[in-house]
Every structure is written in C-alpha cells, then in structure tokens.
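Given chain A, work out where chain B should sit, using these hints.
Same order as they appear, the protein sequences are chains A and B. Residue 56 in the working numbering sits at position 56 of the first sequence; the count goes up by one each step and never skips. Residue 244 in the working numbering sits at position 244 of the second sequence; the count goes up by one each step and never skips.
No lab work stands behind these hints, which were simulated from the structure alone. Quick reminder that beta carbons are idealized off the backbone N, C-alpha and C, glycines included.
Where chain B lies over chain A, by a calculated footprint (3+ residues, C-beta under 8 Å):
1. 45 to 58
2. 97 to 108
With the Cβ distance kept under 7 Å, some of the chain A side facing chain B (calculated, not the full set):
3. V62
4. N64
5. G67
6. V69
7. P71
8. D163
If you want the ones that stay clear, here's a sample from chain B, every Cβ over 10 Å from chain A, calculated:
9. M161
10. L259
11. T387
12. G588
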Amino acid sequence: MNHIPIQNHPVDVGSTLAQPGKYLTFAVAGEMYGVPVLAVREIIRLCPITPVAHMPSHVRGVINLRGRVIPLIDLRVRFGLSAGADHDRTCIIVAQVAAAAGGSRPYAIVVDGVEEVIGFTTDDIVPPPDFGLAVDTRFITGMARQGSRITTLVDLDAVAATDRLPEAS
Amino acid sequence: MPPRKAIDDARGLLRRIGLELAFLEPGQGIAPLAELVASLPAALGANATPEIHRAVDQAADWVSAAGASSLERFGAWHAWMEEAVTAWERDQPMPAWPTPLDNPSERPASLEPGEPPQPSPQPSPQPVAVTRSARPLLDEMAECQPVAVLPEGFDEELMRMFCVEAEELLAEIEAGVLVLEQSPEDAGMLATVFRGFHTLKGNAAVMKLVVLQRLAHELESLLDAARQGRRQLDRPAIDVILAAADVISRYVAETSRQLDGVDTGRSISLPVPALIAQVHAVLATPPAPAAPAVATPPPAAMAPVPPAGVDSSSSAEPPAAAPMIISDLPASSPPKQSVASDPASRQRSAAPTGSSVRVDTHKLDGLVDLVGELVIAQSMVFEAFETSGGDESLSRSLGQLRGITADLQRTAMAMRMIPIRGTFQKMSRLVRDVAVQLGKEIRLVVEGEDTELDRTVIEEIGDPLVHMVRNAADHGIESPAARLTANKSPAGTITLQAFHQGGFVVIRIADDGRGLDPERIRRKAVERGLIPADSTIDDREALELIFAPGFSTAEQVTDVSGRGVGMDVVRRNIERVRGKVEIESVPGRGSCFTISMPLTLAIIEGLIVAVAGQRFVIPTLSVRESFRPHLESITTVHGRGELVDVRGRQVPLLRLSRHLGIQGGEEAADRGIVVVLEAGYDCRCLLVDELVGKQEVVIKGLGETFTGRSGFAGAAILGDGRVSLILDTTALVRLGRGSSETAA
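Isolated chain A, as found in the complex (with noise of 0.2 Å):
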C-alpha cells in the first residue's frame, strides 16, 4: 500500500479538499472508501431491489425505504472496479446527497461491508494523487492515513450528479 504515491500536488479535483471530521469507512472491492458521517441517514442489510430497465449498469435499480422510493447504485460498477456478487457482508448506505434543484435527496449505494467510523484530523488528509488510482479523480475530495491504513475519501455529491453519463472507465 505504501506505493500509492502521496504528494501535496494541487491535483483539480471537482470539489475541495475533505474537510476534518468524522468519516463512515466501508469496503468496495477490497480497498476502504470514507464518507463524511453527517451525510449518511443509515445502514440497512440488502434488501429487494427493483430493477431499471435502460438505466447504465451502475443504477442497480430502487429500494423501498419505509415507504419512499430511492435510487440503488453499485459503488463497484460506477467506480469501474471489479464487480463481485453480493455476499453475506453486502450491505446498503442511505446517504443524503444534493439535490438538483436545492436541498437533498435519497441515495443508496450498495458497499461490500462496513467497517467504523473514524476521525480524520486535518494532518490526516492530503490531496489524491493525479495518477495512480483506480478510480476518476472527479469522485475524490482526498485521501486520509492513519496508521498503516489509507481510506480515500469520496464526494457522493459529485457520484449522485453525474448518474445520467455513462460510468467512470
């Protein structure tokens, strides 16, 4: 892991640097992912989805949130990685993301399990590097260290808004 370049490049990521704070930490594809704790409305087990049709293959399709419809998508597909199928550690991550015409809205992601919520100070955090990653720069606000662990942060807002185009490569 130690290969991952760390630098203090300005790199043109689409939103700011993360911001200190506490984050949810969860797995995707082997690598561990963060979101900023406010945003998530909570965790549930996976649960029937309703497929979509002529969606791009990340929507998975929707959920029943006690009575609200919301958007299902597969952090995996969008991010490009390797799928998987869902095992027993599978689960879904109601987030709040922002909503088009103001306000915010609904939105799941379906994540290969969920670890802790952990404090990033900002020492912790650093820019994400230009290269390297596996996944488009455009969804990344930084990458946080603690110890020997490196969590890369992602901006929801920025995966939510651009649902519409084809997925990252």
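Here is chain B on its own, set in the frame of chain A:
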C-alpha cells in the same frame, strides 16, 4: 349632425387606443397603436371639426417619429379626443387644447428600446377638465414609472401576506367590475369594488409601496364617485378600472417573484402616470350615453344559467332603473344591454362561512406524504398478518386500523383539494376581453365552479383551459353577422362545466360556433407533412390531428390565440396530470372538448401485470381492455413488427419483456395476456405474462436519478413491500411515432 357611424367608429377606435395606452411600456413597439391612430381619419370622415382633424394629424406625427412617443402626451391626447368627439356629436364647442401639448411641431423625446426613459421637459400633462391643481404626486413620479418593487427594509413575512391578500382583492375587484359592466347601478357591487381599492390602498401604505398606494387611491376616488352617483360606470370607466387592476396585478406578481429570489432588485416599468391621467380624464368627462348603436357585446355572465340555448335576453328592460343623477345627460335613461339573468341569481354563491387557517403548503404536502407512507406501512402489516395465519382479535384490531387509515387518507387528500372557481373566474374576463377586441358577442355559461380538484392539477390545467377557451372565443364563435347568416342567434355561447364522475373530474368546454371541419384539417395536415396525401384516416382521427405538434387551423394568426402555444402543448400538460382530452365537433354547429383527470395525483387505480416474475403497474385510465389472444389474431409484418386484431382494427403489438430487456418472459403470445393501451385515439397492444390483479396504489416519484431517462411514470409499493414500476403508457403508445417521449 355628424354621421352616427363616424361617431361610433371613432369612439370604438378611441376605446381600443385607450386599452393600448394602458398597457404600453417604453421600449415596446407601438405598431398596434400606430395602426389604430392611422385608422382614425378614415373613421372620422371628412366632416369632423378642424380641431379634431388637427389632433389626429398630431398623433400621426408623433407615432411616425423614430422610436416611441411619450406616453403622457398620448394619455392627454386621448382624453381630449374623447371629449372632442362627444362635443362634435352634440354640436358643442371643442374643448380647449391641453397646454402641455401646445407645440404641435415639437417632437417629443424618442425612447429606444432598452434606454431608460428621459424625463420630459414639461410637467406631467393634466387633461384639461381636471379642476384640481397639478398634484405634487404626479410631479414626483418619474416618467413611465420605473417602480422599485421591494421597498427599503421590508419585512418578508408581511410582504408575502400583502401579496396574497392583494391577489384576493384583485380577483374580487375584477369579478365585481364584470358584474358592474352589466349593471352599473348595483350598489352592493359598487361598494365591494370600492372597498377592494380602499383596502389595497391601506395595505400598500402600510407596506410603504407608495406608487401602488397612489394608484389605488385614484381608483378609489373613481369608485367613490360612482358609488355616490356622481359618475356612472360606462365603458371607458370600466376599461380604466380593469386596466388599473391589471397593472396592480402585474406589480404584485413581480413582488412575489422577487420575494422568491428571482431578479431581486430589478425595478418594473409600469404605465402608472398614463393610467392616472386616464382616471382623471374619465372623472372629468361626463359618461357617454350608452347608445345601443355601439356594439357592446354582452360580457360574461357569471351566474350558472341553464344551458341548452336559453337566450336570456328577456330582461331587456332596465330593472326599475335607479334615476341617474348626472345632470347634463338627456332625461331618458338608456336601455341596458343586459343579457344577464335577474339580479337575484346573479349573486355569486357566498363563500362557505366558517373560520379558516392559513397553512404553509410545504407543511401540508409533508403531512399528505406521511399519510401516504402510513397507508403503505399499514398494508404491509396487513399482508404479513394474512400470510402468517390469523389471530381473531388481532384481525379485528387490524381491521379497525385499516378503517382509520383509509379515513385519514381521504381527509389528507381532501386538504389538497380546492374548488375550480378561481380558474373559471379568469375565463370570464378573458372571454369579455376577446369579445370586445374582436367585436363579437359571446356569452359564457359556467357550471360546477364548486367542483374540487387537487391543487397541483388545477395549477397544471390552468393554462390549457385558458388556451381552449380563448380558441373557442377567437376561432370557434363566429362574428354576429356570420352567425345571423347561418340562422344562429348573434350571440355565441361558450359553456364551461366541471363535475365528478366515478373517480374522475371532468371539465367540458363547449361552444356553439363554427365547429371543426375534418376536411380542412386533413388538408392542413397534408400541407404540413403530418400525413401523406393519400391518407385514409376517418373524421374522428382527423380531429385528433389538431393535437399534433406544429398544427394550427387559424387562417390568420390573430394576436389573441395564435401565438405559439399549440394544442399539442395543451394535451401534454393535461397528460402530465394523467388526464386525457377528447374532442367532438359538428361543422357549423360547434365543438366540445372533454378533459377527464383522476381526482388526485397521489393515488391511481392500477392493473398489476407480471413479466418473468417482475410486476408492473398500468394505470387503468389508460387501459381499454385486456384479453388472451388467439394465435390467428396476430400477424407479423416483415420489418414492422407484430399486429394484433382488436375487433377488426390492426393494432401494433409491443412485447413488454423485449422492450424492457427482461429474460425469461412468456414467448408464446397465446399463453400471455394482451393489454390494449390507449392515449387519445392512439392504441397499442402490450403483451405480458399474466394479470396479477387490480388495486389502488400510492404513486411515488422515482427521483432525479431517473428523470427523463426511464420509460416509467413512477413507482408504487405493493403489499409485499416490493417496489413496482408504473408504466408510462402514453410513451409506450406513441413509441416509434416520432413523438418526443421515448422509453428507449
């Protein structure tokens, strides 16, 4: 004695000029005004007084100056012209030419579009007969009044309340004025309209909206004069009151917009000085005798009148006419051109008494949403209970819960319903204006204004309704002369009806005008390339063509309804609220448009179908029928797909499994079910595996992620908690016909 016709024509032109002036803004083209002014010499003929001729030349000069002319001049000129024509008619001396207009050769400052208006070098012109001194108010106001919309340091909440109240007052004023137009002596109505302006003035003063306050004050004075019998409300008075109400309405609308954060800080240009000048002019000139020769089309009658052609011109005599106190009028009271029914039934149905509360619509919507979720949760509990076997007492409790939830849901839905009265009232004014503008006589009959619809539905169908009524008035109803030639009464009738039928609301717009001619429509469609020249569509299908984009049968595009908005937009708006619109028409006799919409947007009755185990909901409103097909009724056309014989009609077949890319569906058509979908007159057959059932479902939006992408109209949560997608049947029916909606 000047010729009657010249007087009448001139008056008619002056009236229309007055209307133009009331709405003219700097930078706006004055072509319509120019045209009207240019028609004056011909109308007046050679025998008008030299002063009148000179005045007309003067106006023609101004109009031909580059750019627009100062509104004030025209305001004063207009006032003088009206006086002068009256004096000419009565063989009286000409009124004195108003001092500010004294230099006929001086060219006024021209205004280019976009340029801020230049203050004119003279003080604001006063029409001659105004005896009060030039009020300092008028001097302070900038020419053509760019008005700041939101004053310094305003309180947002108070301003919002002001806007809401102002809108209500204006609606009352407009309705009252239309009644007064029919019966100017209606004391109650005079008092109501007077109070309307009085309250507006007071509210405006509190909110420090100085210009609005002044305008309301002027109108209040006019109404006061009418109320005290000093001034009868004739056509020019009615026109100026309506014009002022419109200007105030525009101002309030702009205020609301700016409160919502749109274009904040922008000032709005309003013809307030011109309006005020006109009010003074009206106050100063004695009312013209309501001579029958002036073709006054009877304006809309608001009272529900039994339709079926009852020509209620029976009340031709003035009802026990109140004596007119205006001393310089001839002794006989002019006959009223009243087509309204008697005063008793003209009384608008009083608003139901009882207290009410203002609720923020967001809170209301939130509550309704929650109730929707409660209904779903409750049905999930019920389903779980059923599948796990039933305990007797639990079953009873659940039954009770179900009943209460159903009641709660009905109440929540009812809170979103409002009567369609407001929308129908707008039509009254619209029909009157069109009738006046085009010289037609049109009666508007309204029924069922108490019918309630979901708030959102009313908002969405407002524009389509306006368009259709305008069409009926403009293109449907013929001119009085044409009607007489066709052996019809000179006054045409437009009927607006609203009522509940089954689970739907029906709105009908009917007219007894010239109707739609299928032959002409066919020809136009061929011209526009909508159908091939040798097309064999029948008359019914031909009528549907008017809904095709880019179609208009208007011979001349009048400025009343020919502009841009087509029937295709109308139909799309109606379909957006899951409604449908149908036409019936008989050439020469009239047309009837029928709109039907579900009572509420939130719940629909749906047919549940399954394909490869996945369930989908089809709104029953769009389903004509369903059946298991015989293999023989299905034909495959090379290169075009499959067709199903439905009672002799060949309808294209769409396999839902193939369309959605679902594997494992039933391949053999005769082991599946065909559902016949309809949208307007178009049909499509949908092949599914099976029919699961029919039930009411609460519609959930799919959200931003799916907007415009999927071919689905929404989602529903069925009893087992799974989400089931609702098919967009209109898109499916029109698939592959070049329509804008596409599911692929």
